[in-house]
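Whenever a hint applies, use it, and build me the whole structure from the sequences.
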Amino acid sequence: AQSVTQLGSHVSVSEGALVLLRCNYSSSVPPYLFWYVQYPNQGLQLLLKYTSAATLVKGINGFEAEFKKSETSFHLTKPSAHMRDAAEYFCAVSASNQFYFGTGTSLTVIP
Amino acid sequence: EAGVAQSPRYKIIEKRQSVAFWCNPISGHATLYWYQQILGQGPKLLIQFQNNGVVDDSQLPKDRFSAERLKGVDSTLKIQPAKLEDSAVYLCASSFLTSGGPDTQYFGPGTRLTVL
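Chains as they are written, first to last, in my numbering: chain E, 1 to 111; chain B, 1001 to 1116.
Partial list, derived from the structure: chain B residues whose beta carbon lies under 8 Å from chain E: (1) 1091; (2) 1107; (3) 1108.
Calculated lysine-lysine pairs in the DSSO-like style (CA-CA distance at most 30 Å, straight line): (4) B:1011 <-> B:1044; (5) E:69 <-> E:58; (6) E:58 <-> B:1044; (7) B:1044 <-> E:69; (8) B:1044 <-> E:68.
Treat the hints as calculated values from the structure; they're not laboratory data.
Just so you know, even glycine gets a beta-carbon here, dropped at the ideal spot from N, CA and C.
Printed below as a string of structure tokens:
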């Protein structure tokens, strides 16, 4: 069975500060991992995905994530937060043709 | 390229009433997904179609929820009768590949259902 845990349902950072959103997964088979962003009243948009190629994955809007098998983690980072990054972020795992989302992390950016 | 379309965007009904949601995926996408997203939670997969066949409906409450994708294109999700706990955003997504794997899902804007 697969599952995803996102540590911290709410994260606040100052504009220009480092963004770190945590995601740990559980999977009995090699997983594919995703980060999605959801802006208010909009659907989910793919930020990046890990597909067993490079462990450091670069996505849109300056985000990146690193797959660490030993830690079963796929944390999302961005060096410098912008106001427009304020949104809900979801980590997801896909394995054995099944797809599971985490409970989400709400990112607030303080001017 | 047009995105995933959903309608209506908002719906308010009373418990025990019926409701239907419509989804039109991105052209050429074989796989279609319906998710339920309750406030404060991540999306939960209800049903997954590949063309017009069901791939996974293990988390669909079949006593009240039904879904179809008759011609392998657009899809309808129905709730009959609705309960208070069905209040949620219902998201539709589609993807191009026809089998499991690192496939990107493209999401529609969702339908926000409120059951009173």
